[in-house]
Amino acid sequence: MENPKTIIDKIWDKHLVHQEDNKPDLIYIDLQLVHEVTSPQAFEGLRMKGRKVRRPDRTFATMDHNVPTIARHIINDPVSKIQMETLEKNCKEFSVPLADINHPDQGIVHVIGPELGLTQPGKTIVCGDSHTSTHGAFGALAFGIGTSEVEHVLATQTLWQAPPKSMKVKVNGRLSPAVTAKDLILAIIAKFGVRFGTGYVLEYTGEAIRNLSMEERMTICNMSIEAGARAGLISPDETTFNYLKGRRHVPKNEEFDAAVQSWKALATDEGASYDAQVEIDADEVEPQVTWGTNPAMCIPVSGLIPNPNSAKTDASKEEIERALDYMGLEADQPIASVHIDHVFIGSCTNSRISDLRKAAKIIEGKKVHPKVHAMVVPGSQTVKIKAEEEGLDKIFLEAGFEWREAGCSMCLAMNDDIVPPGERCASTSNRNFEGRQGNGARTHLVGPEMAAAAAIEGHFVDVRNLLATSV
Amino acid sequence: MEPFKEHKGLVYPLNRSNIDTDQIIPKQFLKRIERQGFGQFLFYNWRFDDDGNPREDFSLNDPKYDGASILVSGENFGCGSSREHAPWAIQDYGFKVVIASSFADIFYSNCSKNGILPIQLSEQEISNIVSNAESTNYYLTVDLENQVVSDSEGFKATFELVNYLREMLLKGWDEIAVTLSHSDKITSFEEQSHS
Ligand code: SF4
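First to last, the sequence lines map onto chains A and B. Residue numbering for the first sequence is 23 to 493, as defined by this note's numbering. Residue numbering for the second sequence is -9 to 185, as defined by this note's numbering.
So here's chain A without its partners, still in its complex pose (with noise of 0.2 Å):
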């Protein structure tokens, strides 16, 4: 082929505004997610010039980081009540439509932009939200902005953006059974490190990604934030297109067809060139666990936490001690030997459907641990409807687990969910810095199964072992 291309040029070179000298390009944005958190102040600016949003009908609202999820309706605090009040307001005054706390639609961003059809595969998609990342998955270029970038699309619909530089990330091989794209994520980010990534945007390619369903390629491009990435996406193939297929914002019938072959042409080309790449090898994942206060600290779960003396700098010598300082961790501890508190089944990276029924296979019929207290957050109203039809709150019900209504919550403990100080829990989001799930709160983070796994165990253990004597 002459001049091939990556996606990322492709969908680049499809959304120029305007170019000119010394600046960066102009380019236009498909689709703004909004939520209320990062939004107020932007439509404050709008107001304050005089400023109407440019396209409401590109423009998408849901309330999910502050909402409650137990008895909805009451919102105990009064500044969580006034954010949410607002973007009730600013919708209505700018005509954005919203998925407000009694909508059925409602959930976090990053799973109903999907589950709704509004991601699609060559689209920009830009939300005042880092973990933006996940629409990724689709094939769509999808990135996290500020405050001041969210009022600048609202008010115009484009970004003055560098063209990005990009990275392949090749996965050989095949998973084994039983590890899950969350492992291998956190094995990516490990090997790399947190900031691998900043600079680029990430293409996940290679067998192991071709065979990933699409709820756990997103678990994947969700977490492209924590190397650094802005963005991270995936070619779209017909696992996207399936999953698409019928979805409320996605085109029907011929539309359809003539969508998917431009979908289609939105792949990479063979023979592209890349300004980096890295590789990891699919069979050499295990399950894994965070130990540190960053998403590259992190083992297998049969690993031994590290020994700051065998740190090769001393900078990074500091990190590890302030880090098991933090988490009140040994060095050479083994990680399964580590007692948790809490776990929370739940985060815009592991709260889908699949993510539930995996977790609720390891469980059925199996009790919670007596000392762990443990939580299932859905990740939309339509993921929790979906889960009780199929009957898995029953089998968390019964297993000891909570049953919450849709949101963020413990992922960040922005709502009345948190991990009370010093107390440890086993999660299935995407970030363990320092007081992110509560003040002082110790969070190691893993897959749903091995959450799961956890929560009956009272440990961490190696949910191999668990599947193994369970058949």
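Be a bit skeptical, because a hint or two may be false.
What the hints assert, rightly or not - Straight-line distance between alpha carbons at most 35 Å, and here's what the computed DSBU-like set of lysine-lysine pairs gives:
no.: 1; chain 1: A; residue 1: 274; chain 2: B; residue 2: 175
no.: 2; chain 1: B; residue 1: 146; chain 2: A; residue 2: 71
no.: 3; chain 1: B; residue 1: 175; chain 2: A; residue 2: 32
no.: 4; chain 1: A; residue 1: 145; chain 2: B; residue 2: -2
no.: 5; chain 1: A; residue 1: 71; chain 2: B; residue 2: -5
no.: 6; chain 1: A; residue 1: 383; chain 2: A; residue 2: 111
no.: 7; chain 1: B; residue 1: -2; chain 2: A; residue 2: 74
no.: 8; chain 1: B; residue 1: 86; chain 2: A; residue 2: 339
no.: 9; chain 1: A; residue 1: 187; chain 2: A; residue 2: 408
no.: 10; chain 1: A; residue 1: 145; chain 2: A; residue 2: 74
no.: 11; chain 1: A; residue 1: 145; chain 2: B; residue 2: 175
no.: 12; chain 1: A; residue 1: 74; chain 2: B; residue 2: 54
no.: 13; chain 1: B; residue 1: 86; chain 2: A; residue 2: 111
no.: 14; chain 1: B; residue 1: 175; chain 2: A; residue 2: 334
no.: 15; chain 1: B; residue 1: -2; chain 2: A; residue 2: 45
no.: 16; chain 1: A; residue 1: 71; chain 2: B; residue 2: 161
no.: 17; chain 1: A; residue 1: 408; chain 2: A; residue 2: 111
no.: 18; chain 1: A; residue 1: 213; chain 2: A; residue 2: 111
no.: 19; chain 1: A; residue 1: 114; chain 2: A; residue 2: 71
no.: 20; chain 1: A; residue 1: 187; chain 2: A; residue 2: 36
no.: 21; chain 1: A; residue 1: 45; chain 2: B; residue 2: 86
Said to hold, decoys possible - Ranges between beta-carbon positions, derived for each pair:
no.: 22; chain 1: B; residue 1: 138; chain 2: A; residue 2: 259; range: 44 to 54 Å
no.: 23; chain 1: B; residue 1: 174; chain 2: A; residue 2: 279; range: 44 to 54 Å
no.: 24; chain 1: B; residue 1: 113; chain 2: A; residue 2: 195; range: 54 to 64 Å
no.: 25; chain 1: A; residue 1: 117; chain 2: B; residue 2: 142; range: 50 to 60 Å
no.: 26; chain 1: A; residue 1: 273; chain 2: B; residue 2: -2; range: 51 to 61 Å
Hints were generated in silico from the structure; no laboratory data involved. Keep in mind the model is a prediction, meaning the values are calculated, not measured. Built from N, CA and C at the ideal position, the CB exists for glycine as well.
Could you slot chain B with the ligand onto chain A? The hints should help.
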């Protein structure tokens, strides 16, 4: 946005890597709907104990750094959440410049949109600055026009900044107004792509 030309200020060194925006401003303070008033919450969980009293062992509470306006840190500063509350808190506290050996992408652009100058220097240069700032009252002068950071003792470092950001900071542009001057192009793009 206020234009930024030159700034001389006291340096506060916070020599850690991977400082994420959850540390810069914890989530419990993201509920406000204003842009102002976030400075009191800057590095809140590091600055204050559970009862809200200042922690003596956190250097920003050391009176020697009162009035500091240049924040210096390690690699990957501002990683994690896209919250613009992070630069708002930094600015509201009194910082005008952030110097680090590297920045996370979203944080970097959020800074420049608010008139805070993000400067990337080498690890060697950072470690010189940090050791000076830890031992004395250390001032730096930042000259954006010439892209130079210097002190009165002869230290001098140049820094890179893409032309567009430099212009934006120097002139204090309203970026939306600039873009709206291209409205015709946006409209014709929309017409061509039938959207
Ligand atoms: S679930 Fe967590 S990471 Fe995802 S959007 Fe909500 S707060 Fe952010």
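Checklist entry - Looking at the structure, which of the earlier hints fail to hold? => result Failing hints, ascending: 2, 4, 6, 7, 9, 12, 14, 18, 23, 24.
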